[in-house]
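Asker: The primary structure of each chain is shown beneath.
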Amino acid sequence: MFAFISRRILATIPVMGVVAIVIFLLLRLTPGDPAAIIAGDSATEAQLMEIRARLGLDQPIYIQFFSWIWRLLQGDLGISIISNIPVSTMIAQRLEPTLALAVTTIIFAVLVAVPLGVIAAWRHGTLIDRAVMIFCVMGFSVPVFVLGYLWIYGISINLRWLPVQGYKAIGDGFWPFFQRLILPTLTLSVIYIALIARITRASVLEILDEDYIRTARAKGLTEGRVLLVHALRNAAVPIITIVGIGIALLISGVVVTESVFNLPGLGRLTVDAVLARDYPVIQGVILVFAFVYVIVNLLIDLSYTFFDPRIRY
Amino acid sequence: MAANTQSAAVPVTVSKPGRAIWVQASRNPGVLIGGFVLTLMALIAIFAPLLGTVDPVNLDPVARLKKPFTEWFLGTDAFGRDIYSRVIYGARISLIVGAGAAILSIVIGLFVGLISGYFRMVDAIVMRIMDGLMAIPGILLAIALVSLSGASLVTVMVAITIPEIPRVVRLVRSVVLSIREEPYVEAAISIGTPLPLILIRHVMPNTFAPLIVQGTYICASAMLTEAILSFLGAGIPPEIPTWGNIMAEGRVYFQIAPWIILFPGIFLSLTVLGVNILGDGLRDTLDPRLAKRV
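Protein chains in written order, with UniProt numbering: chain A, 1 to 313; chain B, 1 to 294.
One thing to keep in mind: the hints can contain errors.
[To be verified] Straight-line Cα separation of at most 20 Å, SDA-like style, residue types lysine to any residue; simulated pairs:
(1) Lys168(A) - Ile155(A)
(2) Lys219(A) - Arg233(A)
(3) Lys67(B) - Leu150(A)
(4) Lys168(A) - Thr104(A)
(5) Lys67(B) - Tyr253(B)
(6) Lys67(B) - Tyr153(A)
(7) Lys168(A) - Gln93(A)
(8) Lys219(A) - Ile207(A)
(9) Lys219(A) - His230(A)
(10) Lys67(B) - Ile157(A)
(11) Lys67(B) - Ile256(B)
(12) Lys67(B) - Asn158(A)
(13) Lys67(B) - Tyr84(B)
(14) Lys67(B) - Gly154(A)
(15) Lys219(A) - Leu232(A)
[Stated by the list, open to error] Some chain B residues flagged as far from chain A (calculated, every beta-carbon gap over 12 Å):
(16) Val23
(17) Ala25
(18) Thr39
(19) Pro49
(20) Leu59
(21) Ile96
(22) Val107
(23) Ile108
(24) Ser178
(25) Glu182
(26) Pro194
(27) Pro196
(28) Ile200
(29) Arg201
(30) Pro205
(31) Phe208
[Said to hold, decoys possible] Some chain A residues close to chain B (C-beta under 7 Å, calculated; not the full set):
(32) Val137
(33) Ser141
(34) Pro143
(35) Tyr149
(36) Val271
(37) Val274
(38) Val294
No lab work stands behind these hints: they were computed from the structure.
For glycine and all other residues, C-beta sits at the position ideal for the given N, C-alpha and C.
If we strip away everything but chain A, and leave its shape as in the complex, we get:
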């Protein structure tokens, strides 16, 4: 068990290493001189030299890479070219809206998707099953931002039930904070619900064919108990796995949703950095998102033994 955990944790190191190399090379392999891109069109040769020296661009590339990694390991993500604020500070400032949106979305999506998937599998082949499957394929097809604008148009502009856009920190009171998260959550969770409901349906469907389900029914257990205790519990591992893999989808969705609803989070920070060509910020945010993805999936792998005691390492 301990050996497995340490092996699994060690396995994340090469993955993060590749992520770091890709992100580092992003800036170096693109055509053009990074210093010239950073300095803009009107820079003089002296300014370019100064920028190169400051960024260490006059050093050999492997030294640049390792000194970058060394600074990363100390938590130094670099300094924004535009605002001159450390990237780690900028990320910390923008963390709350993104975290709030991600957490409400995951909770909401799981609470909706798992029952949907279980019911669809239980009533396999019926109208309910069809409806769930149609919802899933639609969820994969409607772009997140179109959905967002539809919500805003219907709920905020026509019905005036909720504020159109914007964000209030949780410190300003729970209701104003929560109110502004409702539509972004409904927007972002649709694709996530589609993903989880589909996997839940497939894995519960497979489990319902098992002999022990027939046994459970034969000994007179209620359908609810059969579904929740016997079927769902055994279908838990693929469901948990897809929740983790779906984090990638969620992160991509966060970037778009925050732009639609004007939430000042990490996604908005990324888009602003891209538009302003603020490379240290772009690198920093992508690195942080990739790190979160890797860590979440690590924790999920480690949780398998909890959800399925048959899995022993």
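Here the structure of chain A is known, so what remains is to put chain B in place on it, guided by the hints.
Answerer: Below, chain B alone, put in the same frame as chain A:
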């Protein structure tokens, strides 16, 4: 099998193995519906100039933000450009990006996956790289690539393709790993067939069915990603009418002119839905193993 032994004598056309599966696929309702939508969109894209459109980039300052279903079928945008014409022409870019990204990622992924699945030494390294690439959220990688290398149709297509490659590599590799143990591969090795020929003639055909399924899904997600990139301002240059660009320009005017976002949104959703339904239908018939899993 009986048909094979008799085929010399009896004039019965022996269908190639695998032919039946295509016939079956062409009868699947999902394939039919999805194929119909996709064909319709392709026809719209090809015959855009003949569909009562005007120049999609023509500015008309007098006709700014006109409502739809008036003189302008789908209304006009803030520059007085005709939304209907722009949406019809926009179909071209979406389909090109979708098909381009699907083909590009499959060609590269097939090559890397075949090599990786067959050579253990390469495999360890390639798969670590693929794991790393998969850990970077696709849209972020794509917007970073576009912003760094300059926005154009080609860079957008490449930027969308790169995050899709690992999935194709994994798929091809998993097929290769199971096929390389098959007796006919062993037979081919034992009679001294050169390795490239084994890979191309005996291993590669087994990847086609799952790759076609995967390709349709990549096409769907590429069209969505293209729209998202344009929408975020990191996509195809704004002067080219794409569905994402039309919607991006409609953002500011959303409260007074929601149709600028609505109509391209409907077209995009319908097209992606068609491709997804096509993919599900193909998966159910061509790749029953995958169909059971998802």
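Asker: The structure should be examined with respect to each hint, and the outcome stated for every one.
Answerer: The hints, checked one at a time:
Restraint check: the Cα-Cα separation between Lys168(A) and Ile155(A) comes to about 19 Å, which is no more than 20 Å; the hinted pair holds. Distance hint between Lys219(A) and Arg233(A) is fulfilled; the C-alpha atoms sit about 19 Å from each other, no more than 20 Å. Between Lys67(B) and Leu150(A) the alpha-carbon distance is near 18 Å, which keeps this suggested pair within the 20 Å criterion. Proposed proximity of Lys168(A) and Thr104(A) is supported: the alpha carbons are some 15 Å apart, at most 20 Å.
Pair hint Lys67(B) plus Tyr253(B) holds up; C-alpha atoms about 12 Å apart against a cutoff of 20 Å. Distance hint between Lys67(B) and Tyr153(A) is fulfilled; the C-alpha atoms sit about 16 Å from each other, no more than 20 Å. For the hint pairing Lys168(A) with Gln93(A), the CA-to-CA distance comes to about 14 Å; that is within 20 Å, so the pair holds. At most 20 Å may separate the alpha-carbon atoms for a hinted pair to count; Lys219(A) and Ile207(A) meet this at roughly 17 Å.
Only pairs whose Cα atoms come within 20 Å are accepted, and Lys219(A) paired with His230(A) is accepted, the gap being roughly 13 Å. Distance check on the hinted pair: Lys67(B) and Ile157(A) sit about 18 Å apart at the alpha-carbon level, within 20 Å; holds. As the CA atoms of Lys67(B) and Ile256(B) are separated by approximately 10 Å, the hinted pair is consistent with the 20 Å bound. Restraint check for Lys67(B) and Asn158(A): satisfied, since their Cα atoms lie roughly 17 Å apart, inside the 20 Å limit.
As the CA atoms of Lys67(B) and Tyr84(B) are separated by approximately 12 Å, the hinted pair is consistent with the 20 Å bound. Taking the CA atoms of Lys67(B) and Gly154(A), the gap is about 18 Å. The hint holds against a cut of 20 Å. At roughly 18 Å between alpha-carbon atoms, Lys219(A) and Leu232(A) fall within 20 Å of each other, so this suggested pair holds. At roughly 24 Å, the least C-beta separation between Val23(B) and chain A is larger than 12 Å, which holds for a residue marked as non-interface.
Interface exclusion of Ala25(B) from chain A stands, the closest Cβ pair being 18 Å apart, more than 12 Å. No beta-carbon of chain A is positioned within 12 Å of the beta-carbon of Thr39(B); the least distance is around 17 Å. Separation of Pro49(B) from chain A is adequate, the least Cβ-Cβ distance of about 27 Å exceeding the 12 Å criterion. Under the 12 Å C-beta cut-off, the non-interface status given to Leu59(B) relative to chain A holds; the minimum distance is some 24 Å.
For Ile96(B), the shortest C-beta to C-beta distance to chain A comes to about 18 Å, beyond the 12 Å cut-off, and the non-interface label holds. Distance check for Val107(B) against chain A: the nearest CB is about 21 Å away, which clears 12 Å, and the non-interface claim stands. The non-interface label for Ile108(B) is consistent with chain A: the shortest C-beta to C-beta separation is roughly 16 Å, beyond 12 Å. For Ser178(B), the non-interface assignment is confirmed: its Cβ lies about 20 Å from the closest Cβ of chain A, beyond the 12 Å cut-off.
At the 12 Å boundary, the C-beta of Glu182(B) stays outside the reach of chain A, the nearest C-beta of that chain being 26 Å off. Every C-beta of chain A lies more than 12 Å from that of Pro194(B), the closest at about 33 Å, which supports listing it as non-interface. Look at Pro196(B): its CB is around 28 Å from the nearest CB on chain A, clear of 12 Å, so calling it non-interface holds up. Non-interface call for Ile200(B) relative to chain A: holds, since the shortest CB-CB distance, roughly 29 Å, exceeds 12 Å.
Look at Arg201(B): its CB is around 33 Å from the nearest CB on chain A, clear of 12 Å, so calling it non-interface holds up. Look at Pro205(B): its CB is around 28 Å from the nearest CB on chain A, clear of 12 Å, so calling it non-interface holds up. Listed as a non-interface residue, Phe208(B) keeps its Cβ farther than 12 Å from every Cβ of chain A; the least gap is roughly 24 Å. Using the Cβ-Cβ criterion of 7 Å, the hint placing Val137(A) at the interface with chain B is satisfied: the shortest such distance is roughly 5 Å.
Interface restraint check: Ser141(A) against chain B, minimum CB-CB distance 4 Å, threshold 7 Å, status holds. With 7 Å as the threshold, the beta carbon of Pro143(A) comes within range of chain B, its nearest partner Cβ sitting at about 5 Å, so the hint holds. Interface hint at Tyr149(A): satisfied, since its Cβ lies 5 Å from the closest Cβ of chain B, which is below the 7 Å cut-off. Taking 7 Å as the C-beta cut-off, the interface hint given for Val271(A) holds, the closest approach to chain B being about 5 Å.
Checking Val274(A) against chain B: minimum C-beta separation of about 4 Å stays under 7 Å; hint holds. With a cut of 7 Å, the hint placing Val294(A) at the interface with chain B holds, because the nearest CB-to-CB distance is about 5 Å.
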